[in-house]
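In order, the protein sequence lines correspond to chains H and Z.
When the count follows this note's numbering, it moves up by one through the first sequence with no breaks and lands on 323 for the last residue.
When the count follows this note's numbering, it moves up by one through the second sequence with no breaks and lands on 323 for the last residue.
One should not assume that every hint holds.
Intra- or inter-copy, both count: the list cannot distinguish identical chains.
[Stated by the list, open to error] Okay, derived cross-link-like pairs now, BS3-like style, lysine-lysine, Cα gap no bigger than 27 Å in a straight line: (1) K186 <-> K259; (2) K180 <-> K73; (3) K180 <-> K272; (4) K186 <-> K143; (5) K180 <-> K111; (6) K259 <-> K246; (7) K113 <-> K306; (8) K206 <-> K73; (9) K235 <-> K180; (10) K235 <-> K259; (11) K72 <-> K180; (12) K272 <-> K243; (13) K272 <-> K206; (14) K315 <-> K143; (15) K246 <-> K272; (16) K20 <-> K243; (17) K242 <-> K272; (18) K206 <-> K243.
None of these hints come from the bench; they were simulated from the model.
Number of protein chains: 2
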Amino acid sequence: MNTIAVDAMGGDSAPEEIVKGAIKAKNLGIDVILSGDKNLIEPFLNNTKIPIVHYPEVISMDENPARAIRSKKNSSIVGAMQLVKDKKASAVFSAGSTGASLVAAIAVLGKIKGVIRPAIASVLPSVNQDIVLLDSGASLDVKPKVLLQFAAMGSKFAEVIFDLPSPRIGLLNNGEEASKGRDLEKSTYKLLKSSKLNFIGNIEGKDFASDSADVFVTDGFTGNIVLKTMEGTAKLQQSMIKKSLKGNLFKPLLLPVNKALQPVRDRLDPDKTNGAYLLGVNGIVTIAHGASSSEAVMNSIIFSSKTVEKGFISKFAETISEI
Amino acid sequence: MNTIAVDAMGGDSAPEEIVKGAIKAKNLGIDVILSGDKNLIEPFLNNTKIPIVHYPEVISMDENPARAIRSKKNSSIVGAMQLVKDKKASAVFSAGSTGASLVAAIAVLGKIKGVIRPAIASVLPSVNQDIVLLDSGASLDVKPKVLLQFAAMGSKFAEVIFDLPSPRIGLLNNGEEASKGRDLEKSTYKLLKSSKLNFIGNIEGKDFASDSADVFVTDGFTGNIVLKTMEGTAKLQQSMIKKSLKGNLFKPLLLPVNKALQPVRDRLDPDKTNGAYLLGVNGIVTIAHGASSSEAVMNSIIFSSKTVEKGFISKFAETISEI
Numbered sequence: 001m002n003t004i005a006v007d008a009m010g011g012d013s014a015p016e017e018i019v020k021g022a023i024k025a026k027n028l029g030i031d032v033i034l035s036g037d038k039n040l041i042e043p044f045l046n047n048t049k050i051p052i053v054h055y056p057e058v059i060s061m062d063e064n065p066a067r068a069i070r071s072k073k074n075s076s077i078v079g080a081m082q083l084v085k086d087k088k089a090s091a092v093f094s095a096g097s098t099g100a101s102l103v104a105a106i107a108v109l110g111k112i113k114g115v116i117r118p119a120i121a122s123v124l125p126s127v128n129q130d131i132v133l134l135d136s137g138a139s140l141d142v143k144p145k146v147l148l149q150f151a152a153m154g155s156k157f158a159e160v161i162f163d164l165p166s167p168r169i170g171l172l173n174n175g176e177e178a179s180k181g182r183d184l185e186k187s188t189y190k191l192l193k194s195s196k197l198n199f200i201g202n203i204e205g206k207d208f209a210s211d212s213a214d215v216f217v218t219d220g221f222t223g224n225i226v227l228k229t230m231e232g233t234a235k236l237q238q239s240m241i242k243k244s245l246k247g248n249l250f251k252p253l254l255l256p257v258n259k260a261l262q263p264v265r266d267r268l269d270p271d272k273t274n275g276a277y278l279l280g281v282n283g284i285v286t287i288a289h290g291a292s293s294s295e296a297v298m299n300s301i302i303f304s305s306k307t308v309e310k311g312f313i314s315k316f317a318e319t320i321s322e323i
Numbered sequence: 001m002n003t004i005a006v007d008a009m010g011g012d013s014a015p016e017e018i019v020k021g022a023i024k025a026k027n028l029g030i031d032v033i034l035s036g037d038k039n040l041i042e043p044f045l046n047n048t049k050i051p052i053v054h055y056p057e058v059i060s061m062d063e064n065p066a067r068a069i070r071s072k073k074n075s076s077i078v079g080a081m082q083l084v085k086d087k088k089a090s091a092v093f094s095a096g097s098t099g100a101s102l103v104a105a106i107a108v109l110g111k112i113k114g115v116i117r118p119a120i121a122s123v124l125p126s127v128n129q130d131i132v133l134l135d136s137g138a139s140l141d142v143k144p145k146v147l148l149q150f151a152a153m154g155s156k157f158a159e160v161i162f163d164l165p166s167p168r169i170g171l172l173n174n175g176e177e178a179s180k181g182r183d184l185e186k187s188t189y190k191l192l193k194s195s196k197l198n199f200i201g202n203i204e205g206k207d208f209a210s211d212s213a214d215v216f217v218t219d220g221f222t223g224n225i226v227l228k229t230m231e232g233t234a235k236l237q238q239s240m241i242k243k244s245l246k247g248n249l250f251k252p253l254l255l256p257v258n259k260a261l262q263p264v265r266d267r268l269d270p271d272k273t274n275g276a277y278l279l280g281v282n283g284i285v286t287i288a289h290g291a292s293s294s295e296a297v298m299n300s301i302i303f304s305s306k307t308v309e310k311g312f313i314s315k316f317a318e319t320i321s322e323i
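Here chain H stands alone, though its shape is the one from the complex:
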């Protein structure tokens, strides 16, 4: 069984873009189940046969996640988690509120034994291959022991998903020296140094361009700021480039140059990438940007399916018990 439970109501253009993405994935041979309001989903299904579990409530982006999950037992995200809990699906995909996905996952699936705090692992493009940044927003304020667990979870993630035998782990810090950082980084450095992980030391934001680490470890506040700063900087540079090309290039050249730059824009566009993974809960949960297009939804569902095939969760549970 390799079925992906899709939260049909989560996302800026839900359910339309989500259902369309699910149909695209279905047409590629992936089994999907939609969780959400039957009446709102069906009009977009046309003749495609995808099962729906009717969970009519929706949690919006600006609701308090903990309160919303407590009060809306019939929300689409809870329904998607329940499908995995009941072994009717192997993974959850949602483009809805990250906070709600996190709280729902903990409430319905539970944390993996030994995990102190879950983390969001974001897969990001780098020079030669993808890298993992975690935590990118699940746990804002953490202790050194929690960062050590994040490092172990990120290491296992990169090992299984990227097929790397010994992923290079870096601690995001404000300098390379062991003495750098807040008390959090100084203590975490020592824990990582004496762990069995392939810890390469402190790394900096500029190392996103240097291919020096596979896993970037930090707290959820810093990770979230980093993720969005990358998004902002990429867009800022693109708008500067647009202006500069217009001002400095012979006009007929603009079209081919813009076309040649499109792959880069796509690669750095969070709406088009494979999303992020919730690590530390008893199930595979993939979360995506609220603005995800049907294409991005399809890509995330494909990726979730591959993650299931790789036996990620069972390999993962061992990791935590080993720390």
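Following the hints, complete the assembly by docking chain Z onto the known chain H.
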């Protein structure tokens, strides 16, 4: 009197690049004094007449700043600060260790009355105009009251340096809503909301591309990570673009396209920009990237000189007493 004291020994290619930059500034009519080892500086001066104060000790990038400033009373950075203290210069420029500049500034010049912690304000490019990010590395762990002061210092800085009557202040956070962030951001939000500053609310990393704020306020750890992530992301995208253009563009077009992109690379290159300002100390202190070229050194010296002309420090002192 409008003389800039230049730390001739600070920087990866000091004293050569620094002295060359000072000569370029001098040739544009700016008075400079060099602080450092006379014997190492003179060979690069050729026939240019620039006064030198002999401070033979050098503080390297990897020394503990506090310990180094205590033990090396004759270091070039201390000498530069002393020139301002003795009213022989109006501002300090250094491309050496940021930590050493910070500690030397506090030790020799002292903090402005009322300032709890100094901050580093970095001037960064944005869509239509420059913006200020502070703190970008002076005070890693701070209290809400300190962030409020950073906001006030950043506001006055943008007002004087960018000629903005009422700079828009944003608090860097992991979401827009008032409820977002760690305890630090939640408490600071309230302080900013009830202050006289033009506080526009929480802003995110993606807002670096949105022209929504003039001043980005955060703690020194997060600010430093943001600064370097911007650097890393810009370089990553440039290397992706290079590859994509090579693969997708007719070869004779590469040269003109690369030329048209050069202004963007320059604008996002921290080695070529105007550096950063140490705010909250009794004097103008400009610090630059260790890898600064002589051109960057010259630009920073010009900028320091303009800052002196604008009467920055006297305007600044009022601000703090008003909070």
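Outcome of the hint check:
Taking CA atoms no more than 27 Å apart as the test, K186 paired with K259 passes in neither setting, with 46 Å inside one copy and 44 Å between copies. Taking CA atoms no more than 27 Å apart as the test, K180 paired with K73 passes between copies only; the shortest distance there is 24 Å, against 46 Å inside one copy. In this homomeric assembly, K180 and K272 come within 27 Å of each other (Cα to Cα) only across copies, at 26 Å, whereas the closest approach inside a single copy is 35 Å. Both within a single protomer and between protomers do K186 and K143 lie at most 27 Å apart by alpha-carbon distance, with minima of 11 Å and 20 Å respectively.
Taking the shortest Cα distances, K180 and K111 sit within 27 Å of each other only across copies (24 Å), while inside one copy they are farther apart (32 Å). Taking the shortest alpha-carbon separations for K259 and K246, both the intra-copy value of 14 Å and the inter-copy value of 12 Å come in at or below 27 Å. Taking the shortest Cα distances, K113 and K306 sit within 27 Å of each other inside one copy (24 Å), while across copies they are farther apart (61 Å). Proximity of K206 to K73 under the C-alpha cut-off of 27 Å is found in neither arrangement, the shortest distances being 44 Å within a copy and 33 Å between copies.
With identical chains, the CA atoms of K235 and K180 are at most 27 Å apart between copies only, with a shortest distance of 24 Å across copies and 30 Å within one. Proximity of K235 to K259 under the C-alpha cut-off of 27 Å is found in both arrangements, the shortest distances being 16 Å within a copy and 20 Å between copies. Taking identical chains as interchangeable, the C-alpha atoms of K72 and K180 lie at most 27 Å apart only when they sit on different chains, with a minimum of 22 Å there against 45 Å within one chain. Proximity of K272 and K243 under a CA criterion of 27 Å is satisfied in both settings, with 24 Å inside one chain copy and 20 Å between copies.
Taking identical chains as interchangeable, the C-alpha atoms of K272 and K206 lie at most 27 Å apart whether they share a chain (23 Å) or sit on different chains (16 Å). In the homo-oligomer, the alpha carbons of K315 and K143 lie at most 27 Å apart inside one protomer (25 Å), although the nearest pairing across protomers, at 42 Å, exceeds that limit. Taking identical chains as interchangeable, the C-alpha atoms of K246 and K272 lie at most 27 Å apart whether they share a chain (26 Å) or sit on different chains (23 Å). Proximity of K20 and K243 under a CA criterion of 27 Å is satisfied in neither setting, with 35 Å inside one chain copy and 33 Å between copies.
Taking the shortest Cα distances, K242 and K272 sit within 27 Å of each other both inside one copy (20 Å) and across copies (21 Å). Taking CA atoms no more than 27 Å apart as the test, K206 paired with K243 passes in both settings, with 25 Å inside one copy and 19 Å between copies.
Hints 1, 8 and 16 from the earlier list are contradicted by this structure; the remaining hints agree with it.
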